[in-house]
Amino acid sequence: MTYTVSANGADTQLTASLNRLIHVLLLDMSDLVGAGLVTYYGDAGGALSATHKVARVDWDDAMSAPTEGAAISSATAVSTSNVTIAVARQALYREVSDLISGTGSAISDEDIARAMAVSAVLRRTDMVAALFGSLSSSVGNSGVDMTTDDFYDAIFTLEQALVPGPFAAVLYPVQYTDLKSSIRGEGGPAQYIPATQDQTLAKGPGYKGMFAGVELYASDSVAASGGNSQGAMFGRGCFGYRDMSAQNIPTVDLQLVDPTSPIWVERERVAVNGETQIVGNYYFGVSEIEDARGVLIETDR
Amino acid sequence: MALLTGKPVLKEERFDATHLPRRVRPNKPFFLAHLPQRWEPVPTKVDKKTGVVQSVEWLPQLGPVPIDPGVNGVTKIGRAPANPEPAIAHWQSRGGVVLRHGDPRLGKWKNYMSEFPSAWKGAPVFRDMFTQIEVLGDMVEEEVDAEEYNAFRRHLVKEHFVQPINVMVVRKSLARWEARLDRNLNKLSANNSNALLQRRVAEAEGWVNAIRESLESLESGRKPAGKPVKMRGKASAPKLPEA
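Protein chains in written order, with the working numbering: chain A, 1 to 301; chain B, 1 to 243.
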């Protein structure tokens, strides 16, 4: 038996209903810092400068064979140099009106605050990937799709430069799929090991597996230049970063903000506007530490 | 009574202006720069049937120096604009050349950076002036005017923005292509009917021959190490110690 509702639907129903489960649109959550690919050079909190010099020393001085009984002619100086890491402010701020809060929203203030960590990760991955274009060594060809040959060229470049492994390759998603296509055409044994669920949980969603002993990451943060993508392969120590915690800022309420965390999210009520502001601050800087430890992979985008 | 005449509102300024879809990540302004060891062979003659490269020219490979606070020492203190000098110094310390946007020597390629509006809440996307971005719904294709880009790079060499290529760069590239050819020939010998490998071998052979030819012409065209210096008065060769 069917029931017929004769009342006007507009009087008895919502215009639309909202699902409690919010669908998150596609985004690239690759976190090169979180995956441990970038060396940490400490907290800039209380360092008296936003700019920090990382000292580099060259111990590549083998002993010589002086004449027995004779003095060594001259002392060998220790070669040193330095690299600068400057911490700069990265931030995002959102406003939630009282009307939205008061009537209720499927996205709470807490959801917005939690998503600040996601925004910080997106930003720092962009910043790390922006360094690839400044590497001196490069492989690949402009306008030509990436192949396993380019991948091997990158490995050989690092091995010839005596870069200790393990290596990691960060590619633009198209470079990654071009590489996979090329792997399919390999005649002999090719050691592509796709990421397992455990590995993706540990290394983040950008981790795609391992090929020829190199960890593979795909990220849309990889920059474009001249119609090409500028991915990279590198060993640990190629890039380094610093951040800053809030513990030395007296006006930050450390009851609400974790004093050791570099990402601080604060809420501020602005009564005059009838809104709540949610602000995320993150002080972060990343630099190329040793150029020889990385190679640019520049192929068609 | 005054007559007011409105001005036409361009599509780019209208509410329905085309923006880049949200998947295109915004980036920061940049300088283009070149390092002495970064050159690339660009095909000048390609076999129409097979696509095999027959000859190449060497053009400087350019990379972006992002003017991005926090990246490679770029600072932003207070309300002052970002200071890119530390990142520029990083390139220069390795013998690199950074192309300043307003340099008049760049000629018609002065101000080589373009800004595109993005759907990311106003955060723009920056590309070089040779890149055009075509949008169809959420599909995006970046097209580069390769001829113009190559003409720009030739201009950099001609106007001595960058030093001429060192033959070491060509020799290294040749060695890399020869190794690539050997690897693929080796694989082909085990699987002679693999069409993909056959194509890779043909392509690699083309590159090896073209790069070898360019190396030969660079080496033959190289100037002698230097003219003997004429000494004033009576010049005499230094005496070598007797054995």
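Keep in mind that the hints are not guaranteed to be accurate.
Where chain A lies over chain B, by a calculated footprint (3+ residues, C-beta under 8 Å) [what the hints assert, rightly or not]:
hint, stretch
1, 11–21
2, 58–65
3, 71–79
Worth flagging that the hints you see were computed from the coordinates, not collected in a lab. Ideal placement from N, C-alpha and C gives every residue a C-beta, glycine not left out.
Mind checking, does the stretch 11–21 of chain B have 3 or more residues with a CB under 8 Å from chain A?
violated (count 0)
Count the residues of the stretch 71–79 of chain B whose CB lies closer than 8 Å to any CB of chain A, then report whether that count reaches three.
holds (count 7)
Within 8 Å of chain A (C-beta), three or more residues of the stretch 58–65 of chain B
holds (count 5)
The earlier numbered hint that this structure contradicts is number 1, and it is the only one.
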